[in-house]
Amino acid sequence: MITRKRLAAGVCGLLAAMTVMLAPTPASAGEPDAKSSPKVELTLDVSGSMRARDIDGQSRMAAAKQAFNEVLDAVPDDVQLGIRTLGANYRGEDRKVGCKDTRQLYPVGPLDRTEAKTAVATLTPTGWTPIGPALLGAADDLKGGDASRRIVLITDGEDTCAPLDPCQVARDIAAKGIHLTVDTLGLLPDAKTRNQLSCIAEATGGTYTSVEHTKQLRDRVHQLVDRAARPAATPVATQGAGQCAGAPQLKPGLYSDREKFAEHRWYRVDVRPGQELRASVSIAADRAVNNDYGVLLRASTVHGREIVRGAEAGDGRTDVISSGLRYPKPPSEAADDDGTPAAETVCLQVSNSFSAPASVKTDPGLPVELTVDLVDGPSDASDAAFLGLGHGWWLLITLALTGLVAGLLWGWISRWRVTVWRTN
Amino acid sequence: MRTVRTLMTAVLAGAALFGAAGTALADSPSPSASSSADGEPAAPTEAGTSFRTATAIRPDQPATADASTGDYLYWVLPVDAGQRATVKAEVSLPQAAARHGAATWQLDVYDGLRRRQSCTYGAQTRTAAAESGSVELSCTLRTVRAWAEPWANDPLPGNYYVRLTVVDLPKDDLGLPVHTEVKATTADTGGAHAVDGALAAPLVPGAATATPQEGESPAGQQSVAADGPDGGWSSGWWSDRWIWTAVGGLLAALAGIAGYQLTRGSGRPSRIPPGA
Numbered sequence: 001m002i003t004r005k006r007l008a009a010g011v012c013g014l015l016a017a018m019t020v021m022l023a024p025t026p027a028s029a030g031e032p033d034a035k036s037s038p039k040v041e042l043t044l045d046v047s048g049s050m051r052a053r054d055i056d057g058q059s060r061m062a063a064a065k066q067a068f069n070e071v072l073d074a075v076p077d078d079v080q081l082g083i084r085t086l087g088a089n090y091r092g093e094d095r096k097v098g099c100k101d102t103r104q105l106y107p108v109g110p111l112d113r114t115e116a117k118t119a120v121a122t123l124t125p126t127g128w129t130p131i132g133p134a135l136l137g138a139a140d141d142l143k144g145g146d147a148s149r150r151i152v153l154i155t156d157g158e159d160t161c162a163p164l165d166p167c168q169v170a171r172d173i174a175a176k177g178i179h180l181t182v183d184t185l186g187l188l189p190d191a192k193t194r195n196q197l198s199c200i201a202e203a204t205g206g207t208y209t210s211v212e213h214t215k216q217l218r219d220r221v222h223q224l225v226d227r228a229a230r231p232a233a234t235p236v237a238t239q240g241a242g243q244c245a246g247a248p249q250l251k252p253g254l255y256s257d258r259e260k261f262a263e264h265r266w267y268r269v270d271v272r273p274g275q276e277l278r279a280s281v282s283i284a285a286d287r288a289v290n291n292d293y294g295v296l297l298r299a300s301t302v303h304g305r306e307i308v309r310g311a312e313a314g315d316g317r318t319d320v321i322s323s324g325l326r327y328p329k330p331p332s333e334a335a336d337d338d339g340t341p342a343a344e345t346v347c348l349q350v351s352n353s354f355s356a357p358a359s360v361k362t363d364p365g366l367p368v369e370l371t372v373d374l375v376d377g378p379s380d381a382s383d384a385a386f387l388g389l390g391h392g393w394w395l396l397i398t399l400a401l402t403g404l405v406a407g408l409l410w411g412w413i414s415r416w417r418v419t420v421w422r423t424n
Numbered sequence: 001m002r003t004v005r006t007l008m009t010a011v012l013a014g015a016a017l018f019g020a021a022g023t024a025l026a027d028s029p030s031p032s033a034s035s036s037a038d039g040e041p042a043a044p045t046e047a048g049t050s051f052r053t054a055t056a057i058r059p060d061q062p063a064t065a066d067a068s069t070g071d072y073l074y075w076v077l078p079v080d081a082g083q084r085a086t087v088k089a090e091v092s093l094p095q096a097a098a099r100h101g102a103a104t105w106q107l108d109v110y111d112g113l114r115r116r117q118s119c120t121y122g123a124q125t126r127t128a129a130a131e132s133g134s135v136e137l138s139c140t141l142r143t144v145r146a147w148a149e150p151w152a153n154d155p156l157p158g159n160y161y162v163r164l165t166v167v168d169l170p171k172d173d174l175g176l177p178v179h180t181e182v183k184a185t186t187a188d189t190g191g192a193h194a195v196d197g198a199l200a201a202p203l204v205p206g207a208a209t210a211t212p213q214e215g216e217s218p219a220g221q222q223s224v225a226a227d228g229p230d231g232g233w234s235s236g237w238w239s240d241r242w243i244w245t246a247v248g249g250l251l252a253a254l255a256g257i258a259g260y261q262l263t264r265g266s267g268r269p270s271r272i273p274p275g276a
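Chains as they are written, first to last, in full-length UniProt numbering: chain A, 1 to 424; chain B, 1 to 276.
Hint data in this document are derived by calculation from the structure and do not stem from the laboratory. Check each hint, because a few of them may be wrong.
Said to hold, decoys possible - Among the chain A residues that face chain B by a calculated CB cut under 8 Å, a handful are:
| no. | residue |
| --- | --- |
| 1 | 77 |
| 2 | 104 |
| 3 | 186 |
| 4 | 208 |
| 5 | 276 |
| 6 | 317 |
| 7 | 319 |
| 8 | 327 |
| 9 | 395 |
| 10 | 400 |
| 11 | 410 |
| 12 | 423 |
As the list claims (entries may be wrong) - Stretch-level coverage of chain B by chain A, calculated; a stretch enters the list once three of its residues show a Cβ under 8 Å from a Cβ in chain A:
| no. | stretch |
| --- | --- |
| 13 | 131 to 144 |
| 14 | 243 to 249 |
Quick caveat, the model's predicted, so the values are computed rather than measured. Glycine included, every Cβ here is placed at the ideal spot set by N, Cα and C.
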């Protein structure tokens, strides 16, 4: 079975290799595949505070510009990159106007390095820090296609545009199911900025970095852009039901959903006799949750009998908590008459026991990632290990004794026969 | 299926009796064999940030990653039946001057179904004092079994995910740069730990979706992260059980001859008169 899989994998690999070899032709024609190439938007804070000269002796703005220039030089070809600024234009004191001051500096698309660099060079530290509106704007810029999206937010101060909480904005954006990650970088951040930025990162499954040197800024932005270029599976959004009866039917694949605190959701999978169902689930803690939590993944029949379950509990700081199960369905003997045996519908229940302090918003729910696999041929068991071969000193002693007894018996029998023959 | 298996087993056993040692030597996978033509594959210098994006590593291959304190770093490696994997990680912490207190780091290992696997020994969680420069973590898994009940949590052949992160730290230290190094080694435990039975396919996510059923289009492609151990999954039919069993058979034969000899006595029986 496995050998056959490996052969198939080999053929796939060969095909993939051929595709890769053929790929440069269309790519060099200057038209990267807009549908599947990952999109990144660098979002830079150009507020007045960026004037402070405290990063390696130069101003924060100069450090950011230098880092941008070097990063733009090294952007992988298949990444569509855009640049957005916040607080770059409005100099006045009117908070209402200042908080709308976010603008796309360079549109998301195939990168023209010179143009992008020229655009960055024009920036001068000016206004407010509207992080929330900037995130909304960036999410809008990255619309379209189904590839992964990434916002890299670089700022030196917290959002100055309450009541729109940027952390909540980030969570709402992530809940749209558009595979968007926000990575945040704080330039010499204070405690409030750090809390806000790490909250934004946590809400979208991104990372938070505190930056103190130009080189560090450059390396990190570079790393994040590269990370966007790495191929990763993108889940398909689905919505589980409150009970098995109306649950969505899942084929093998990767799915995403949202689940509220202490909620459970049902999904259905068809398993034919002779197939093995494998499912795993991860529930992410994308906000402040109470210290102890758990997840339960349960497979049951349509009548509610539990077949198998996977459960996990944990405590402390975590990104996700996950569990999995497998259910080998034995091959059916009755199948031979009508060709294809009837598939059994297995109900998958995903529940979580996260809880949160009352101050934490429970909407949208926690991100759920569900993988479903169906493998042909259920697992086989037998009580003899390794082809029934033996192992150990007892085996040797037993075999030797048996041999000895057999030899003695054989000897005595042949002597007895000789005696009988001699007597007659 | 079963008949084919049995036949295969019989043929294998037959072939093995004749050419066990020789083929075993020729077959034993050498870690560099597959890549010797174009040199060792470069060690990964990045880590993934989730199960989906985990960076594939191979046993005995050191992997490094630069990250920020608070990141969740993921690697994935293939572990086959009969192997006992040990994962070691070293985290070079930011300069003590920049930090505000002790930080606790943790190394977790998950199997291909994303079930957390216990460590049998090794310091999985360790607290680095405020002034220390690095912290070392280690986790040794149970021996991977070829088969287990679906209701059991036993480690099975397939992908193993390694997650490295800080679990407790002063809030001010979040986001500081760290350098991490991870290395996994696998040791063969030999026939003593063999169990029979086999999985239809190793626990690799997307093992099925890589070859979609006719008429079914897989929803959301999953990348098969770790592309199996050198020499393929569970391809080895060599085990030290062959030696035990063969030696046992030999001993039995020798003991049989010895027993037969005992009944003959030494030389001519005394009760037979000379010249009879």
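How the hints compare with the structure:
no.	hint	in the structure
1	77	violated (18 Å)
2	104	violated (27 Å)
3	186	holds (7 Å)
4	208	holds (5 Å)
5	276	holds (6 Å)
6	317	holds (5 Å)
7	319	holds (4 Å)
8	327	holds (6 Å)
9	395	holds (5 Å)
10	400	holds (4 Å)
11	410	holds (5 Å)
12	423	violated (13 Å)
13	131 to 144	violated (count 0)
14	243 to 249	holds (count 5)
When held up to the earlier numbered hints, the structure conflicts with 1, 2, 12 and 13 and fits the remainder.
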